[in-house]
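*Asks:* Residue numbers (numbering that gives the first Met the number 0), protein chains in the order written: chain S, 0 to 231; chain F, 0 to 659; chain H, 0 to 82; chain W, 0 to 82.
Worth flagging that the hints you see were computed from the coordinates, not collected in a lab.
For clarity, every value in this text was computed on a predicted model and none was experimentally measured.
Cβ coordinates follow ideal geometry from the N, Cα and C atoms, glycine included.
Each hint should be verified, as a subset may be incorrect.
[Unchecked claim] Subject to a maximum C-alpha distance of 30 angstroms in a straight line, what follows is the list of computed DSS-like cross-link-like pairs (lysine-lysine):
#1 S:K221 with F:K320
#2 W:K9 with S:K34
#3 W:K58 with W:K9
#4 F:K329 with S:K34
#5 F:K320 with F:K333
#6 F:K384 with F:K570
#7 F:K419 with F:K293
#8 S:K34 with F:K419
#9 W:K50 with S:K108
#10 F:K419 with F:K448
#11 W:K25 with F:K293
#12 W:K9 with H:K18
#13 S:K172 with F:K320
#14 H:K18 with W:K25
#15 F:K448 with F:K293
[Claimed, not checked] Negatives, chain S to chain F, calculated, CB over 10 angstroms:
#16 H14
#17 H22
#18 H36
#19 D42
#20 N69
#21 E70
#22 K108
#23 T113
#24 D168
#25 G181
#26 E208
#27 S222
[Said to hold, decoys possible] Derived coverage of chain F by chain S (criterion: at least 3 residues anywhere in the stretch with Cβ under 8 angstroms from a Cβ of chain S; other residues may be distant):
#28 157-164
#29 485-497
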Amino acid sequence: MKYGVVVFPGANCDHDAYHVAKHVLGESVVYLWHKDHDLQEVDVVILPGGFSYGDYLRSGAIARFSPIMNEVIDFANNGGYVLGICNGFQVLTEADLLPGALIPNTSTKFECKTVTLRVENRETPYSGEYEQGDLLRMPIAHGEGRYYANQETLDLLENDGRVIFRYVDAEGKPTMEANPNGSLNNVAGICNEDRKVLGMMPHPERACESVVGMTDGLALFKSLVNQQVATV
Amino acid sequence: MSEPEVTLELAKEHGLNTEEYERILEILGRTPNYTELGIISVMWSEHCSYKNSIALLKQLPREGENLLAEAGEENAGLVDIGDGLAVAFKIESHNHPSAIEPYQGAATGVGGILRDVFSMGARPIASLNSLRFGPPTDERNRYLFKNVVKGIGDYGNSVGVPTVGGEVVFDEHYSGNPLVNAMTVGIVKHDNTMSAIADGEGNSVIIFGSATGRDGIHGATFASEELTEESEERRPAVQVGDPFAEKSILEATLELCRKPYVVGIQDMGAAGITCCTSEMSARTGVGMDVDLDKVPQREEGMIPYEIMLSESQERMLTVIKSGFEDEAAKIFEKWDLPYSILGKVTDTGNITLHHNGEKVGDVPAWDLVLGGGAPVYHRESERPKYLDDLPQYDVEDYPEPEDYNDAFKTMMSHPNIASKSWVYQQYDHTVRTNTVQGPGGDAAVVRIKGTDRALAISVDGNGKYVYLNPRKGGKLAVAESARNVACVGGKPLAITNCLNFGNPYDPEIYYQFKEAIAGMGSACEIFNTPVTGGNVSFYNESPDSAVYPTPVIGMVGLIDDVNKVMTPYFKRENDFIMIMGTLKGDLGGSTYLQAQYDTLAGDTPDIDLDFEQRVQEALLDAIERDVIHSAHDVSDGGLAVAVAESCIENPDRLYGADIH
Amino acid sequence: MKALVTVHYKQGILDPQGKAVQNALKSLGVDGVSEARVGRHIVLQFPEMSKSDAEAQTKKACEKILANPVIEDYEYEMVENTA
Amino acid sequence: MKALVTVHYKQGILDPQGKAVQNALKSLGVDGVSEARVGRHIVLQFPEMSKSDAEAQTKKACEKILANPVIEDYEYEMVENTA
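Construct all of the structure, not just a fragment, from the sequences and the given hints.
*Replies:* Written out as structure tokens, the structure reads:
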């Protein structure tokens with residue numbers, strides 16, 4: 000399985016995603032430079048976290064228009080796997096590959112801490128290795144992570160099982176206190192209709208090795224591998 | 000704008016004294032023009048020349064078998080850590096700009112120290128900071144505190160270097176004079192290290208990064224003056240940071256450092272182009288011929304004086320072998336970075352400047368720089384009178400508290416002891432997936448990918464102890480840093496330091512400075528942690544108050560096995576709790592007296608450095624043999640606070656402790 | 000010719016910055032403010048362009064990037080350059 | 000009565016956001032923009048207040064908190080509430 004990690008100027012987590020794919024999962028992985036137009040036949044495109052283009056104006060607003068995004072949008076619209084993490088999720092919403100928007104946290108401050116997520120739907124290429132309702136511990140690090148969508152979109156996402164991860168407390172309840180940024184319905188990660196495009200604010204790539212104290216993110220990447228995903 | 004006529008009066012306005020002005024006339028053999036006066040005055044300012052401190056700094060131990068760069072020779076210290084790798088690290092202060100504009104002052108402080116590290120060819124892997132403010136009960140102090148933290152977070156998070164540790168201290172002696180010290184640690188393979196030199200006649204001098212504006216002019220001299228009403232209206236001189244540009248410069252610089260055609264690189268900090276051109280040339284005795292028309296400018300009509308003194312952020316100067324300019328340009332274009340060839344390296348030893356086709360400056364590089372012709376002074380020092388009438392304390396005057404729980408709560412809620420999570424939750428401390436132990440512990444631990452080792456990093460200072468007894472305070476600052484590194488299982492390697500003091504021309508302040516350095520030096524000898532460089536920040540005072548004399552120590556230690564990192568919290572019921580070292584019940588200068596009785600009294604606690612070294616070695620041995628589950632340093636607040644922290648910091652559950 | 004563009008959250012979207020400003024104003028003794036809303040103000044300079052061309056470009060900029068239609072409304076005003 | 004306050008960096012101070020927007024517009028085919036500057040737009044509602052009182056409070060708000068005098072300039076406009 001071949002991963003492609005997009006590098007926008009200002010992206011910071013491209014190294015981290017590359018490290019997990021190559022050294023932890025042992026998969027083949029390439030960097031995809033934002034000025035190129037070639038996705039190098041990858042099976043999965045990862046839009047990493049960071050501050051693409053300095054996140055000026057709105058997070059991901061400018062990255063959305065970089066050359067490579069044309070190919071990423073076509074790739075996604077033709078059933079390709081695209082994983083947007085943190086700033087990558089923001090780019091996906093700006094590119095209309097996922098509905099809604101990520102706006103500044105209600106605390107008006109940057110939030111970096113470990114949160115608990117609940118697996119809402121394991122019937123996706125990204126969550127097959129989890130059990131329904133699993134509680135995962137993962138780090139977040141963002142200033143604009145509040146998920147917003149109008150009521151109609153929100154209902155659609157909930158009813159169609161497209162909310163994949165939700166912020167919850169230690170007992171698994173989606174409370175206000177467990178919500179680090181004010182996201183509606185404590186939404187932490189959603190997918191598109193065909194479940195192939197996932198956007199999430201928490202960082203699974205920072206929770207893949209015991210040496211950094213968290214491993215709950217590994218199963219997400221393993222789910223993709225075990226899908227025996229290989230574009231024909 | 001016609002340039003003012005250069006007189007002694009104008010020289011004095013630039014912070015030069017009569018002797019220094021006469022030296023300039025002697026060196027040039029003529030009166031300097033306005034641009035030349037500006038250049039020399041900024042290079043001979045305290046901030047760039049260290050003229051009132053270098054003589055004493057040289058007494059600190061600066062050699063060590065694993066030091067790869069002489070202290071002060073390069074942009075940052077460089078220490079070998081085996082596996083063909085080296086650690087580049089340094090700490091710098093941005094106190095004065097942060098007092099005027101806290102958000103941008105702190106942000107540009109982070110930007111500057113990051114550039115010092117990556118211009119050595121090292122990939123920054125961790126940042127820390129040491130902050131001091133007046134009490135948070137005062138509205139202005141809260142404004143400074145809130146915006147300094149946000150500035151550090153916004154800049155560091157955007158650039159993608161994790162902020163993994165640090166300290167925050169509140170004391171009324173820092174009201175109006177906040178201390179903002181930023182530290183960065185980077186890793187570099189030995190054969191990728193880069194020096195800050197110019198060499199090879201005819202090679203090209205290239206500037207790359209953001210355009211040059213009028214921001215921060217007199218930044219260097221401004222940092223060398225007390226904050227007076229008059230410095231208030233210099234405010235437009237505040238520098239604004241662009242972390243997005245910095246990230247592109249970081250990646251472009253690291254790519255450049257791997258190319259054989261790069262002679263040297265230096266980042267633009269205080270005094271901008273002036274400092275880079277003169278320091279890079281003086282190190283090898285060459286000269287530079289520079290055309291200021293080629294400098295990318297952000298504002299119209301800038302005169303040579305402004306171009307040479309501008310402290311616009313996110314700019315670098317590099318010397319590229321002639322014929323390879325296009326190769327280097329490919330890298331700048333890849334990262335969308337403006338660049339421009341300013342001129343050539345010459346063998347004259349002088350910096351010659353041209354503007355609109357005219358020669359506008361010609362000054363010898365060597366005479367400008369620290370370690371060259373810049374003045375060196377041995378200031379007069381005199382034991383401060385306050386040391387003789389310090390209130391001593393008698394234990395009887397402070398009866399045991401009737402309600403221990405009440406006293407305990409007062410201690411735990413004191414701003415200098417209470418949790419700092421409000422601060423470090425605004426810093427991204429997990430990016431780069433190397434953080435084994437983040438903020439809140441004794442020291443930060445960051446793994447080194449590709450090896451099974453890790454770095455232990457801590458940053459510590461204690462102004463109160465140095466105020467009460469400068470020499471003992473200097474020893475304690477280094478000892479505390481080493482103890483913190485040992486608590487996580489790290490073997491102390493080397494230190495950097497940021498010396499935050501008042502006005503060096505006051506003999507009593509200079510006594511504090513001299514004694515603190517002597518204390519630091521003796522501790523560095525014992526712990527075998529040479530000083531790899533750092534920063535001196537004088538004039539941390541304003542008309543109505545002066546800061547405590549505050550040396551801040553940044554220490555790096557090595558952990559050979561990343562699976563043997565120690566943490567400060569209890570892990571199993573019925574484990575024994577043990578004290579290593581002796582408890583002397585010494586309340587001198589303690590947080591207890593300050594929190595309970597709002598009193599500063601007594602002398603700084605004694606420290607037997609040999610004994611301290613043996614305690615730390617025993618601790619490292621215990622960690623190595625897997626016989627202990629946790630280790631925590633007893634510092635502010637003493638034993639009670641240390642045990643409490645060990646009980647509450649385990650992320651999985653709370654513990655109690657039964658102490659006899 | 001220059002364009003003055005203002006971008007604000009749509010009605011109904013919580014504006015924490017606006018709330019923070021409102022609370023701060025109260026504590027600083029500024030009275031009578033029932034609501035504060037914080038948005039972006041963008042100035043675009045079109046040195047050699049007719050009003051209509053500049054306006055067309057401004058509209059295009061707003062729709063393409065300056066405002067996110069999911070959460071924001073925008074307004075703009077074309078102004079002669081006085082200086 | 001409402002106050003429309005705009006806050007921008009002073010002339011000569013680097014505006015990284017403005018620079019980024021200007022580059023983005025070029026790459027999006029929005030032409031003719033010689034310079035873009037990004038600042039804040041703040042709307043303060045003064046439901047029961049005369050124009051002069053509201054203006055006095057607005058001025059006080061700008062000087063105390065809405066603009067940072069060190070690096071920013073502000074302007075404001077008082078507008079009748081149409082709705």
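*Asks:* Failing hints, ascending?
*Replies:* Hints 1, 2, 6, 7, 8, 9, 13, 14, 15, 16, 17, 22, 23, 26 and 29 not satisfied by this model.
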